[in-house]
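**Student:** If you're matching them up, the sequences are chains A and B in order. Yeah, the first sequence ends on 307 if you go by full-length UniProt numbering, and it's all consecutive. Yeah, the second sequence ends on 379 if you go by full-length UniProt numbering, and it's all consecutive.
One or more of the hints may lead you astray.
What the hints assert, rightly or not - Computed spacing ranges between beta-carbons, pair by pair:
#, chain 1, residue 1, chain 2, residue 2, range
1, A, Trp215, B, Ser140, 31 to 41 Å
2, B, Asp170, A, Leu112, 32 to 42 Å
3, A, Trp159, B, Lys105, 42 to 52 Å
4, B, Asp214, A, Phe129, 40 to 50 Å
Claimed, not checked - In silico DSS-like pairs for lysine-lysine, Cα to Cα no more than 27 Å straight-line:
#, chain 1, residue 1, chain 2, residue 2
5, B, Lys105, B, Lys134
6, B, Lys135, A, Lys227
7, B, Lys134, A, Lys227
8, A, Lys227, B, Lys105
Hint data in this document are derived by calculation from the structure and do not stem from the laboratory. Source: prediction; values computed, not measured. Using N, Cα and C, we set each Cβ at its ideal position, and we do this for glycine too.
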Amino acid sequence: MSNVEATTDNRTASRWEQLFDRSTRELLVGLLFAAPYLVLFSVFLLYPLLKGLYMSLHEWNFLEPSKSTYVGLENYARLLEDPAFWNALWNTLEFVGMTVPLIVGVSLVLALGLNKELKGSRLLQFVYFSPYVLTVSVVGIVWAQMFAQGGVGTQYFGWLFSGSPLNSKFWAMPVIVVTTVWWQAGFYFAVLLAARQNVPERLYEAARLDGAGPWRMFRDITLPHMKNALLFVVIASTIFQFQVFGQPYLMTKGGPVGNTETLVYYLYELGFQTRELGFGAAVGYTLLLILVGVSVLNYVLVGGNDE
Amino acid sequence: MGRITIDNVRKEYDSDAGTIRAVDDVSLNVQDGEFLTIVGPSGSGKSTLLRMIAGLEDITGGEIRIDDTVVNNIAPQNRGVAMVFQNYALYPHMSVRQNMSYGLKLTTDLGDDEIRRRVEDTAEMMGIGDLLDKKPNNLSGGQQQRVATGRAIVRQPDVFLFDEPLSNLDAKLRLHMRTELQRIQEELETTSVYVTHDQTEAMTMSDRIVILNDGTIQQVGTPAEVYADPVNKFVADFIGSPSMNFFDVSLDDGVLYGDDFEYAIPSDLANVVRQNARSDDLVLGIRPEHVTVDTDGADTVAATLDVLEHEGSDNYLYLSEGDTEWTVRVDGNTRFEWGETVEFSLPPEHLHVFDAETGENLVVDEGVTADVDGSSVTA
Numbered sequence: 001m002s003n004v005e006a007t008t009d010n011r012t013a014s015r016w017e018q019l020f021d022r023s024t025r026e027l028l029v030g031l032l033f034a035a036p037y038l039v040l041f042s043v044f045l046l047y048p049l050l051k052g053l054y055m056s057l058h059e060w061n062f063l064e065p066s067k068s069t070y071v072g073l074e075n076y077a078r079l080l081e082d083p084a085f086w087n088a089l090w091n092t093l094e095f096v097g098m099t100v101p102l103i104v105g106v107s108l109v110l111a112l113g114l115n116k117e118l119k120g121s122r123l124l125q126f127v128y129f130s131p132y133v134l135t136v137s138v139v140g141i142v143w144a145q146m147f148a149q150g151g152v153g154t155q156y157f158g159w160l161f162s163g164s165p166l167n168s169k170f171w172a173m174p175v176i177v178v179t180t181v182w183w184q185a186g187f188y189f190a191v192l193l194a195a196r197q198n199v200p201e202r203l204y205e206a207a208r209l210d211g212a213g214p215w216r217m218f219r220d221i222t223l224p225h226m227k228n229a230l231l232f233v234v235i236a237s238t239i240f241q242f243q244v245f246g247q248p249y250l251m252t253k254g255g256p257v258g259n260t261e262t263l264v265y266y267l268y269e270l271g272f273q274t275r276e277l278g279f280g281a282a283v284g285y286t287l288l289l290i291l292v293g294v295s296v297l298n299y300v301l302v303g304g305n306d307e
Numbered sequence: 001m002g003r004i005t006i007d008n009v010r011k012e013y014d015s016d017a018g019t020i021r022a023v024d025d026v027s028l029n030v031q032d033g034e035f036l037t038i039v040g041p042s043g044s045g046k047s048t049l050l051r052m053i054a055g056l057e058d059i060t061g062g063e064i065r066i067d068d069t070v071v072n073n074i075a076p077q078n079r080g081v082a083m084v085f086q087n088y089a090l091y092p093h094m095s096v097r098q099n100m101s102y103g104l105k106l107t108t109d110l111g112d113d114e115i116r117r118r119v120e121d122t123a124e125m126m127g128i129g130d131l132l133d134k135k136p137n138n139l140s141g142g143q144q145q146r147v148a149t150g151r152a153i154v155r156q157p158d159v160f161l162f163d164e165p166l167s168n169l170d171a172k173l174r175l176h177m178r179t180e181l182q183r184i185q186e187e188l189e190t191t192s193v194y195v196t197h198d199q200t201e202a203m204t205m206s207d208r209i210v211i212l213n214d215g216t217i218q219q220v221g222t223p224a225e226v227y228a229d230p231v232n233k234f235v236a237d238f239i240g241s242p243s244m245n246f247f248d249v250s251l252d253d254g255v256l257y258g259d260d261f262e263y264a265i266p267s268d269l270a271n272v273v274r275q276n277a278r279s280d281d282l283v284l285g286i287r288p289e290h291v292t293v294d295t296d297g298a299d300t301v302a303a304t305l306d307v308l309e310h311e312g313s314d315n316y317l318y319l320s321e322g323d324t325e326w327t328v329r330v331d332g333n334t335r336f337e338w339g340e341t342v343e344f345s346l347p348p349e350h351l352h353v354f355d356a357e358t359g360e361n362l363v364v365d366e367g368v369t370a371d372v373d374g375s376s377v378t379a
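Chain A on its own, in the form it takes in the complex (with noise of 0.2 Å):
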């Protein structure tokens, strides 16, 4: 890349002023730093995206990667045709469908809630925020024993579930939705408190003035005003949802029977439980697809930006 030849350049002043005419130079230094940011993105982005590419129009080898065939789009068509594949699918769907509302919801609902100075409202912003600190591994691993057999949770819940519910076909992913909103939405809720708070509260009196009761409100002011944080709330979580991997791999192992299989959890078994390299960087260019596709989706209907 050219950010090398700059630095050499850069020695002698005047012959790179020689050299070189006034945009390239600007273009050359623009480069040198960048060129922190691009080595990484090169190398741990870019390199991975197109090698993951090509690994998914071959039938790789996973001990000698040289003997891998050349199959075109085979593994993409043999996805079509694999019940496993559409089985992680729609538990993905699923588990994203209740995940995102539930969490948009939720940090919405304690954003406007805890917008208010009241006593106390600090600490519960602290503690509503605090989970999202937490790694997957804790989450996961706590949430997991809650809902065992003999959990505190499974306990408490009695009533309501006959055993683990993790080993239920019915509770499981509902269980992993709880678990995930549980762990997000503090961080969802920091985002549209922000939000919430930069709206100029000389608005809310002359809608006072105007007659708007608390509904109006919301709908004419908090929610206009909030629309750009709400957009980003249901884009970021959803492109975050669909990969989805250790709330199932340290809770359910994908149970039960696949219940809880999501895309990545059945890309992860693919590359590392049988080395189906090449088909599983098919299922995982199918989930960038999905991704950029929902991400347009999104903006389109919630976006339409008119301002």
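Here the structure of chain A is known, so what remains is to put chain B in place on it, guided by the hints.
**Tutor:** Using the frame of chain A, we list chain B on its own:
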């Protein structure tokens, strides 16, 4: 109708430093159709008082009535008031038309056609007829101000409340909007309470002025009254630009003794001062425009010219003698040289003598309603 009666109204806030009294026992009547300005420095409680009339602040004590209804516990939208905010508080996501019709939609049962007609009439009156479909962010400051005023007018309220509505505009536009607001108020004859920290706005627009300081009323009166007969040093200082000259003096045998000057005053004035004074520590006050350089025989004071400011029709002389500094307004054609010694006299009818401790004006004309303690004033 729109008569406002404010009776012994108090506003207290709890803070870490204890209870803060923002408005302290204020009583005031605003006549129907009157343009009343509340003026005072930052933190004087003027906005709080206005917001209590609007219903945006709770009233800690006392009573506010609009016409004959006690409004203490009536919601803002039911008080028959409309307010123009300092930063306009236009709804940014709504067009000008929606901004103006919002209150009518929510508080009246007028039909869409009637609302549309009223909004368009008001917009025409405010000169914003062609902006109705724009969003506030696409308007200039002056246009936003017009929309904010129009939003209040279209409601046809009993009372307009203005909270420093012109302070975000540049000087030229502010002057223009000042006359505009006066024109509208005269046309509509709606009772208006106008809060500002700008004494020029207060002097030029109002039927009467209320001067507020530290949450208490200092004086209520017409612009001419508060200018000519300020009841205390605070009012004298606050009203008028540039502000009044003040000098620490003592009175002995009809002569005022300052640090660097002495000046004989007529015996009747000296008698009034002696009668009213509680101590020997006095403050002499005279406005720059009342100091006269045509001395013709009266007692004079001399001082050296430090700075001469040309302001077109007027010149301002900044004079000093020892530690005593004088500001004097003279005609724009009068010629003085820097460093020159200027002699001037102080016409007794324009002299104010204040008690140094209480600030009370000792020579104020009788009949001026005033209360230095600010406990209660009704004019």
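**Student:** Indicate, hint by hint, whether the structure satisfies it.
**Tutor:** Going through the hints against the structure:
{"no.": "1", "hint": "A:Trp215 x B:Ser140: 31 to 41 Å", "in the structure": "33 Å, holds"}
{"no.": "2", "hint": "B:Asp170 x A:Leu112: 32 to 42 Å", "in the structure": "38 Å, holds"}
{"no.": "3", "hint": "A:Trp159 x B:Lys105: 42 to 52 Å", "in the structure": "50 Å, holds"}
{"no.": "4", "hint": "B:Asp214 x A:Phe129: 40 to 50 Å", "in the structure": "42 Å, holds"}
{"no.": "5", "hint": "B:Lys105 x B:Lys134", "in the structure": "19 Å, holds"}
{"no.": "6", "hint": "B:Lys135 x A:Lys227", "in the structure": "17 Å, holds"}
{"no.": "7", "hint": "B:Lys134 x A:Lys227", "in the structure": "20 Å, holds"}
{"no.": "8", "hint": "A:Lys227 x B:Lys105", "in the structure": "24 Å, holds"}
Hint check: no violations occur; every hint is consistent with the structure.
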